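Enquirer: We have chain A already, so just place chain B on it with the hints.
Here the protein sequences come in this chain order: A and B.
Residue numbers are given in the numbering used here: position 179 of the first sequence equals residue 179, and the series is strictly consecutive.
Residue numbers are given in the numbering used here: position 138 of the second sequence equals residue 138, and the series is strictly consecutive.
One should not assume that every hint holds.
What the hints assert, rightly or not - Pulled from the structure, derived: some chain B residues nowhere near chain A, Cβ distances all over 12 Å: (1) H8; (2) Q14; (3) T65; (4) F68; (5) D71; (6) K78; (7) S89; (8) T152; (9) A170.
Said to hold, decoys possible - Restricting the straight-line Cα-Cα distance to at most 20 Å, the calculated cross-link-like pairs of lysine to aspartate or glutamate (EDC-like) are: (10) A:K21 x B:D151; (11) A:K2 x B:E116; (12) A:K8 x B:E116.
Please keep in mind that the hints were generated in silico from the structure rather than gathered at the bench.
Computed from a predicted model, the values in this text were never measured in an experiment.
Virtual Cβ for every residue (Gly too), placed ideally from N, Cα, C.
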Amino acid sequence: MKTLFLAKILFLAFSRETLQKPLSLLLPPLFLLITSFTFALALRNIPDSLPHILPAVLIVSSLLAILLSADDLFNPLISSHTLTLLILQPSSLSLAITMRIISHWTLRILPTIILTPLIALFFLSDISESPLLIPALIANSLSITLLTAFISALTIGLPSFAFLATLLILPLSTPLLIFTLLAASPTPSAFPAFLSLLASAPLLLLLNSLFSPSLLRISLS
Amino acid sequence: MTTPLNPHIFLAQQLVISRGTKPVTPPLSFSINPHSSCLIQGPNGSGKTSVLLALAAFLPLSSGTLAFHSDILSFSRKISTLHEEKIDSLILHGFHSLIAFLPAETPFQPHLSPLEDLSLWHALALHEHSHHIHQPLASSPLEALEILKIDTLKHKKTSELSSGQKQRLALARLLLKPAQLWLLDEPFHHLDNHGTSILLSLFSLFIKNKGTLIYTDPLTGPRPSNASTHHHVISLPPPSS
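For reference, chain A alone in the conformation it holds in the complex (with noise of 0.2 Å):
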């Protein structure tokens, strides 16, 4: 019970924090419409296959939007000395990490999926028709919130950490965009793949709780 107390009071406050700076919310869901709709213009004179590319360019559009925001995952926490005080605490650094990656993800990363039927309508496509492309992009979206939480940890010690970071998370990535187009794809793979696709969420949320902590208390040294 006080576990989830405490849960739910990180929530709040980091989703405070978030809230504080609304230009930075809206910066994910512009970009993913701005690059959609030039997918849409450029390829305005071929109108047969823009509906065959919707899946891909939400996918790829919607990982360079995860990438947009990442650098404010971990990185106030740091500037603002946030960290070393989390890190003093009894309570444990995991769940203040958890939180701050799903409230990160709640607030940034979720409210892009939503524009995707509007997305669809540019490129003349029945979303009815793959029933599996939002709860797929959704899954996609955390599992890369997650994968690009880790990197970042991972990498928020040293220096030019920012291109290092893009550096790991784009090939590492790609396992998660494939399974994504299938499960986004009307044939019968697409179940299985959205399926494998659920399943990387939480051993990436494991590796988080289990290594994420360590390595933010390292990058302070």
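Expert: Below, chain B without anything else, positioned relative to chain A:
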């Protein structure tokens, strides 16, 4: 038969602390007694903060040994032949939960009011009651704000507070943690005379409650009203260019 009590809470021998590859202090040997206060003094750049961070196990040692001993937990840190220092993570977690730390730059969450900020840290500090022999100096966030005389600002945004008021808020956080050891980096920074006298009375209260206090101050010589409160001084020489 009674076992002799270890008189020191910290015992350092030939301790060298480095930032990166460059040593920031000469080899230091000192001992700090429990239930006393210790002042780390020295000019700017002499490595006061580094010594404090090394005592809190936030910085690794580059040579020498540092032993910590209390009634709850004891451990010793030294550099092995591989020049790598390993501290068991459970011991480190236990050690860290005994400490209340004040960083040099005032930590604050600009989006929370002082009361919300303190409530958050209060909940986090009281998560496990396994070995809390030491009572926190304030039992509630409101009481901590009253002690530091910033209770009238409790609903203001933290970002609207002055530097001195932010420092008082950072000090109020210390009061909520059942800590055995206070490690404070320049606690008098930004404080006015009234704030300084509140802090000095908190120092003596904390030591009376069997706490041990270690703090840094860039001014040489004790503060006028402070002469009786510190029992030990570690003076650091000016940095070599």
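Enquirer: Each of the hints needs a verdict: does it hold here or not?
Expert: Results for each hint:
1. H8: holds (22 Å)
2. Q14: holds (20 Å)
3. T65: holds (18 Å)
4. F68: Given a closest Cβ separation of 15 Å, the condition holds.
5. D71: holds (17 Å)
6. K78: At roughly 17 Å from the nearest Cβ of chain A, K78 of chain B sits farther out than 12 Å, so the non-interface label holds.
7. S89: violated (7 Å)
8. T152: holds (22 Å)
9. A170: Violated, since 9 Å does not exceed 12 Å.
10. A:K21 x B:D151: With Cα atoms ~27 Å apart, K21 of chain A and D151 of chain B exceed 20 Å; violated.
11. A:K2 x B:E116: Roughly 18 Å between the alpha carbons, so the hint for K2 of chain A and E116 of chain B holds.
12. A:K8 x B:E116: holds (14 Å)
Taken one by one, the earlier hints fail for this structure at numbers 7, 9 and 10, listed in ascending order.
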